[in-house]
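J.: Sequence:
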Amino acid sequence: MVEEALITLQAGGWSALVAPAVGGRLFACRADIGGHTRDVIRPVPLDQPLEQAIRFAGSYPLVPFSNRIEQGRFRHDGVEIALAPHPLGAPHAIHGFGWTRPWQVVEQSDRLATLRLDCEAGEWPWAYSVEQTFSLSAVGLSVSLVVTNRSDTPMPCGLGFHPYFPRPPGTRLRARVMDHWVLRSDCIPVGSERALGRFPFDGHALLQTGLDDGFSGWTRRARLDYEDWSIEMTASPGLDRLVVYSPEFAPLVCVEPVSHVTNAANLNLQARRLAGWREIAPGMSWLESMHLLARAAPGADGA
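If you read the sequence shown in full-length UniProt numbering, its first letter stands for residue 1, the second for the next number, and so on.
There may be inaccurate statements among the hints.
[Said to hold, decoys possible] Derived DEER-like restraints, expressed as beta-carbon distance ranges:
| id | residue 1 | residue 2 | range |
| --- | --- | --- | --- |
| 1 | Gln10 | Pro251 | 22 to 28 Å |
| 2 | Glu123 | Asp152 | 15 to 21 Å |
| 3 | Ser285 | Ala82 | 23 to 29 Å |
| 4 | Ala250 | Ala281 | 40 to 46 Å |
| 5 | Glu107 | Leu46 | 22 to 28 Å |
| 6 | Glu232 | Pro45 | 24 to 30 Å |
| 7 | Thr100 | Pro298 | 40 to 46 Å |
| 8 | Glu123 | Leu211 | 30 to 36 Å |
| 9 | Gly13 | Gln52 | 27 to 33 Å |
| 10 | Leu211 | Glu232 | 26 to 32 Å |
If you're looking for bench data, these hints aren't it; they were derived computationally from the structure.
Note that beta-carbon positions come from the ideal geometry of N, C-alpha and C, so glycine has one too.
Produce the entire structure from the sequences given, and follow the hints as far as they go.
T.: Pasting the structure below:
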């Protein structure tokens with residue numbers, strides 16, 4: 001059973017559940033805020049069939065790319081790469097491979113868990129390893145990703161995190177972004193435009209529903225404000241793009257720190273680099289991280 005394979009972390013008023021075998025996914029993260037236990041991450045319901053339960057809950061790593069690669073195809077150094085489409089993004093490849101594969105536990109304590117994923121060359125023609133570390137403290141949760149290229153040629157790569165947050169009535173998002181990615185109906189960007197005035201992420205207006213949008217020029221800080229508490233996110237320097245997903249059919253919002261523009265792999269070389277698509281030299285590593293904290297709103301009971 002999944003429950004038996006979960007890792008429990010605890011620190012101060014914070015707790016977390018990690019599922020190494022289920023895509024290295026964070027199943028839950030809770031904090032005692034103002035005398036109340038709050039779900040910092042939308043928890044995976046353990047009483048539902050696994051495939052259904054994880055669909056819109058938890059948080060998972062995006063590696064070695066985030067979001068979609070059009071038709072699952074791109075060229076790198078003159079070689080055509082063909083990736084299998086994922087049912088959730090078909091006909092495109094989506095979100096990399098880390099979220100669909102089992103990870104191994106390499107270190108564990110009351111407050112920390114490090115997982116490892118070793119991927120051999122296959123449809124992604126580079127061998128690489130990833131370590132994901134969940135570190136809990138009395139003030140918040142940090143999650144880091146380190147990817148290492150084990151091939152003898154440079155490996156293209158993108159990184160990110162895909163957390164699902166609760167979105168009760170009255171939720172507001174505060175985030176500073178510069179440019180909005182203009183998308184086709186299948187979420188592939190076709191250009192960009194200034195985001196100012198089009199997306200009220202100023203913390204005053206209610207969070208819009210129906211969003212599935214990406215942004216550049218993000219300051220790597222975001223905050224979700226609820227009635228009497230808030231969640232604050234900070235991301236490391238390489239995760240300076242943001243994807244916001246706020247569907248109409250469920251009370252959730254994803255605020256995803258990512259390294260590159262969707263489908264950056266299919267841009268020309270100069271545009272790829274500007275869009276955040278990277279290469280990792282043989283034997284080298286790349287580290288990025290996300291940090292979450294939560295606090296009571298000023299004046300709330302217990303604040």
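J.: All the hints need checking, so say for each whether the structure fits it.
T.: Outcome of the hint check:
1. Gln10 x Pro251: 22 to 28 Å: Since the Cβ atoms of Gln10 and Pro251 sit about 27 Å apart, the hinted range of 22 to 28 Å holds.
2. Glu123 x Asp152: 15 to 21 Å: holds, 18 Å
3. Ser285 x Ala82: 23 to 29 Å: holds, 27 Å
4. Ala250 x Ala281: 40 to 46 Å: holds, 41 Å
5. Glu107 x Leu46: 22 to 28 Å: Since the Cβ atoms of Glu107 and Leu46 sit about 25 Å apart, the hinted range of 22 to 28 Å holds.
6. Glu232 x Pro45: 24 to 30 Å: 25 Å Cβ-Cβ, so the 24 to 30 Å window holds.
7. Thr100 x Pro298: 40 to 46 Å: The hinted range 40 to 46 Å holds for Thr100 and Pro298, with Cβ atoms some 42 Å apart.
8. Glu123 x Leu211: 30 to 36 Å: For Leu211 against Glu123, whose Cβ atoms are near 31 Å apart, the range 30 to 36 Å holds.
9. Gly13 x Gln52: 27 to 33 Å: holds, 30 Å
10. Leu211 x Glu232: 26 to 32 Å: violated, 20 Å
Checked against the numbered hints above, the structure breaks only hint 10 and satisfies the rest.
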